[in-house]
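Asker: One letter stands for each residue in the lines below.
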Amino acid sequence: MTGPDSTALLQMTGIVKEFPGVRALDGVDLDVRAGEVHCLLGQNGAGKSTLIKVLSGFHQPDAGTIVWNGETTSFSTPARAIEHGVATIYQELDLVPHLDVTENIFLGHEVSRAGFSQRGQARKRVRELLARLGHSEISPTRIVGELPPAKQQVVSMARALSRDTRMLVLDEPSAVLDQEEVKNLFRVIRDLTAEGVAVVYISHRLEEIREIGDRITVLKDGRTVGTGLAVADTPTPDLIKLMTGRSIEYVFPPRPDTARTGGDVVLDVQDLALAGVFSGVSLTVRAGEIIGLAGLVGAGRSEIVETLYGARKATAGTVTVDGRRIRRGSVVSMVRAGVGLAPEERKSQGLFLDEAVFRNITMSSMGRFARLGFLNRREERRRAAELTRSLDVRPDGVTRAARTLSGGNQQKVVLARWLLRDCRVLLLDEPTRGVDVGARSEIYQLIRSLADRGLAVVVVSSEIEEVLGLADRVLVVREGVVVHQAPATELDEATVLDLVMEGKVPA
Amino acid sequence: MSQDSARVEQAALESDKEGNPVLALMRTSVGRNAGLVVALLLIVVVGVITAGEQFASVDNGLTILRAASVIGVVSIGMTFVIIGGGIDLSVGAIAALASVWSTTVATQTMAEDTHWLVIVGVAMAVALACGLINGLLVAYGPVAPFIATLAMLASARGLAEIIANRRTQIVRVDGFNDFLRGDFLGISVLIWIFALVSVVGWVVLNRTTFGRRTVAVGGNPEAARLAGINVKRHTVMLYVLVGFCCGIAALMITARTTTGSSTHGVLWELDAIGAVVIGGTLLTGGRGTVVGTVFGVLIFQTLFSVFVQNNLSSSAQQVARGAIIVLAVLLQQRLAGSTRTSNTSTRASAPGPTAPPTSVA
Numbered sequence: 001m002t003g004p005d006s007t008a009l010l011q012m013t014g015i016v017k018e019f020p021g022v023r024a025l026d027g028v029d030l031d032v033r034a035g036e037v038h039c040l041l042g043q044n045g046a047g048k049s050t051l052i053k054v055l056s057g058f059h060q061p062d063a064g065t066i067v068w069n070g071e072t073t074s075f076s077t078p079a080r081a082i083e084h085g086v087a088t089i090y091q092e093l094d095l096v097p098h099l100d101v102t103e104n105i106f107l108g109h110e111v112s113r114a115g116f117s118q119r120g121q122a123r124k125r126v127r128e129l130l131a132r133l134g135h136s137e138i139s140p141t142r143i144v145g146e147l148p149p150a151k152q153q154v155v156s157m158a159r160a161l162s163r164d165t166r167m168l169v170l171d172e173p174s175a176v177l178d179q180e181e182v183k184n185l186f187r188v189i190r191d192l193t194a195e196g197v198a199v200v201y202i203s204h205r206l207e208e209i210r211e212i213g214d215r216i217t218v219l220k221d222g223r224t225v226g227t228g229l230a231v232a233d234t235p236t237p238d239l240i241k242l243m244t245g246r247s248i249e250y251v252f253p254p255r256p257d258t259a260r261t262g263g264d265v266v267l268d269v270q271d272l273a274l275a276g277v278f279s280g281v282s283l284t285v286r287a288g289e290i291i292g293l294a295g296l297v298g299a300g301r302s303e304i305v306e307t308l309y310g311a312r313k314a315t316a317g318t319v320t321v322d323g324r325r326i327r328r329g330s331v332v333s334m335v336r337a338g339v340g341l342a343p344e345e346r347k348s349q350g351l352f353l354d355e356a357v358f359r360n361i362t363m364s365s366m367g368r369f370a371r372l373g374f375l376n377r378r379e380e381r382r383r384a385a386e387l388t389r390s391l392d393v394r395p396d397g398v399t400r401a402a403r404t405l406s407g408g409n410q411q412k413v414v415l416a417r418w419l420l421r422d423c424r425v426l427l428l429d430e431p432t433r434g435v436d437v438g439a440r441s442e443i444y445q446l447i448r449s450l451a452d453r454g455l456a457v458v459v460v461s462s463e464i465e466e467v468l469g470l471a472d473r474v475l476v477v478r479e480g481v482v483v484h485q486a487p488a489t490e491l492d493e494a495t496v497l498d499l500v501m502e503g504k505v506p507a
Numbered sequence: 508m509s510q511d512s513a514r515v516e517q518a519a520l521e522s523d524k525e526g527n528p529v530l531a532l533m534r535t536s537v538g539r540n541a542g543l544v545v546a547l548l549l550i551v552v553v554g555v556i557t558a559g560e561q562f563a564s565v566d567n568g569l570t571i572l573r574a575a576s577v578i579g580v581v582s583i584g585m586t587f588v589i590i591g592g593g594i595d596l597s598v599g600a601i602a603a604l605a606s607v608w609s610t611t612v613a614t615q616t617m618a619e620d621t622h623w624l625v626i627v628g629v630a631m632a633v634a635l636a637c638g639l640i641n642g643l644l645v646a647y648g649p650v651a652p653f654i655a656t657l658a659m660l661a662s663a664r665g666l667a668e669i670i671a672n673r674r675t676q677i678v679r680v681d682g683f684n685d686f687l688r689g690d691f692l693g694i695s696v697l698i699w700i701f702a703l704v705s706v707v708g709w710v711v712l713n714r715t716t717f718g719r720r721t722v723a724v725g726g727n728p729e730a731a732r733l734a735g736i737n738v739k740r741h742t743v744m745l746y747v748l749v750g751f752c753c754g755i756a757a758l759m760i761t762a763r764t765t766t767g768s769s770t771h772g773v774l775w776e777l778d779a780i781g782a783v784v785i786g787g788t789l790l791t792g793g794r795g796t797v798v799g800t801v802f803g804v805l806i807f808q809t810l811f812s813v814f815v816q817n818n819l820s821s822s823a824q825q826v827a828r829g830a831i832i833v834l835a836v837l838l839q840q841r842l843a844g845s846t847r848t849s850n851t852s853t854r855a856s857a858p859g860p861t862a863p864p865t866s867v868a
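In order, the protein sequence lines correspond to chains A and B. The first sequence begins at 1 in my numbering and counts up by one. The second sequence begins at 508 in my numbering and counts up by one.
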């Protein structure tokens, strides 16, 4: 290991990474010094995950340079990155659950070390590594899948340390830890940095960054908006401003002036709960109203919507649509009652990608086009074409495969499916995920016009400005509980960001 | 609409067009079926060259079709269940049980004047019940289709042996044998049944809500569920449909051999799955054609005939059959691989697991 020094170990300049329809990284700069804890901050969708994947060799950047230890290089595969000494510990741990602790730790480099065919010696090294991490109570022969998440994370760390790691990337490591465990994690991080290891630390929790971080880089919309900021000299409001400061102005449709209290309550949810995920969620949505659910990924927003929809079976609570109580855990009943969902993972949950657009649209209303089970395909195509024309799906042509459309147009296809069914309630989970920035305003317009037609709409988004700009009323969800509820006009971005991160509004 | 997304769409369009036009044609179902016709013709040409008149006769053609008809009916049912994302290993065992049960009832219980309807009724009821059990296990167990139907394979054949008491029932029921062993317009009734089942199968798959749902459930079960389709109920119906086809096949084999036997239908599951697969149906579900399956069945049966006419062993024919299945699947994967454009996650996706690609101690 090298001794601590302050020259840059890693220098990334102008990193660009494009995916079909979306520019995930649009010129990111990052420099990390040996022996420091460098914090990466940014809202969901700011590009942190993509940046980590570039660092770990999972993705190749489309443009930009990476200088590692003074040499221009590229991490062409995860194996190459590991060779260079970059170890990444993902939020979703990448351990093999059926193997024991020792096997997991030496997974991938057991063969290259001639001496390690003896299991005894491997276990001895594992014991040393675990002791160094302050977890000598974990047995090297325990099956990893039986360990709680916090201990699995320790095993992941031990795996990183078992190699000559020069930079450790930690993605939201504290998410699975309690306070005591976080303290231990910080102790380990301090030991590592004292030995000259660089740590890239990603967290939503500002207080943690204050405690452990040396410098901060802030990402926003795939760009670096602040880099190398000393933690000690940067006040929290400045950081929040950087994270939320708008680089692209989204155009949100105006809210209708008329008081929304006039509409009938269409959707009424009382004390909905899913054991271990969220509890006590109550909300009502009136015809013509858009309700926004704000919160971090993992706060339980998507789960709330999916449970409401019956895709997960609620452990408590009731859902009433148009005054009729709907059976728990039955999507079929929900759809029949006039509720539609545009799911978060549009490609895997919402669409039949290889099927024609018109088949995707008529999927939930086939009965309307069938007589004795026989489909009138001409009528199907005609109605689908009407809808794609009115929603301006481009390119048109309802017989092309859904796969060939861009994200925004795919979303319109999903919306068309529910419009065809004459839905009363629309649940939209991350409606603009994977939608090109330019096409977003169009989706916002569309959602508002649906509400104006009398639909009750629930929008889930991790982009706070989206919730605030689009919704009439906002519910803030944190760790499975609705912590705040207010008309969107009474909230601002900084307040909501505080709420989702800290659970309270600063005094 | 921004220029960005317009560009992406354009790229997607172009990637559809680019490349080898033959490959592009082979990606369409018409093109794939044309490929199967070519394969079938090749086998016929080989047959004519090696066995000449003997092979090229109308009689031999009808023999091939007649032999193909029983397994063909089973394969049509198998096509549906595979498109729907499942598999049924128990087809042969169900047919055996249906055949034994119905003939036993006919010859023992009501020995004197059994009406042919009794045999038909019992065989269909038994086969439908077996399919229903399969379907309920797969949909509501949930038990993996492979396991549930493997269990049915074992127990249905076991039950057939118990009922038959290891004896073969000779069927002598007026009307039943006469009809199914007879001809219509000079062509065996068995062939007509296969043709009818194929046509009905095609219509159901391509023109009805049931067919559309089958493709949806097999192609993306989660999206189907979230679109409000009752995926479980549909799964049950798919296995009942296979049971229905097995019942028909049981009647056909019973008539053809004039016996009800617990040894009917051994390895039918492999013949049917093989035919479905070389017919271009994806084993992962969501894509497949009835026409392809019909060609798959004919290719196997014609191949068998070529071997028989040349006095080659059936073992050699099995080897050839295996090779054809592998070739067909490899070809399919190449074609499928070239259409699937990248499903790369977008910026908001969660970090995926990246275990180092290496060996395990």
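Accuracy of the hints is not assured; some may be wrong.
[To be verified] Chain A side only, calculated, beta carbon under 10 Å to chain B, not exhaustive:
#1 Leu161
#2 Arg190
#3 Gln349
#4 Phe352
#5 Arg359
#6 Asn360
#7 Met363
#8 Gly367
#9 Phe369
#10 Leu372
#11 Arg424
#12 Leu468
Calculated directly from the structure, the hints in this document are not laboratory data. Small disclaimer: the values here were computed from a predicted structure and weren't measured. Glycine included, C-beta positions come from ideal geometry on N, C-alpha and C.
Asker: For each hint, tell me whether it holds in the structure or not.
Answerer: Structure-based check of all given hints:
1. Leu161: At 15 Å from the nearest chain B Cβ, A:Leu161 fails the 10 Å test, so the hint is violated.
2. Arg190: With a closest approach of 25 Å, the A:Arg190 hint is violated.
3. Gln349: Status holds, d = 5 Å.
4. Phe352: holds, 5 Å
5. Arg359: For A:Arg359, the interface hint holds, since the closest Cβ of chain B sits about 7 Å away, which is under 10 Å.
6. Asn360: holds, 9 Å
7. Met363: Hint holds; A:Met363 Cβ to chain B Cβ min 5 Å, cut 10 Å.
8. Gly367: At 7 Å from the nearest chain B Cβ, A:Gly367 passes the 10 Å test, so the hint holds.
9. Phe369: Holds. Min distance 8 Å.
10. Leu372: holds, 9 Å
11. Arg424: violated, 14 Å
12. Leu468: Violated - the Cβ of A:Leu468 stays beyond 10 Å from chain B, reaching only about 18 Å at its closest.
Hint compliance for this structure: hints 1, 2, 11 and 12 are broken, all remaining hints hold.
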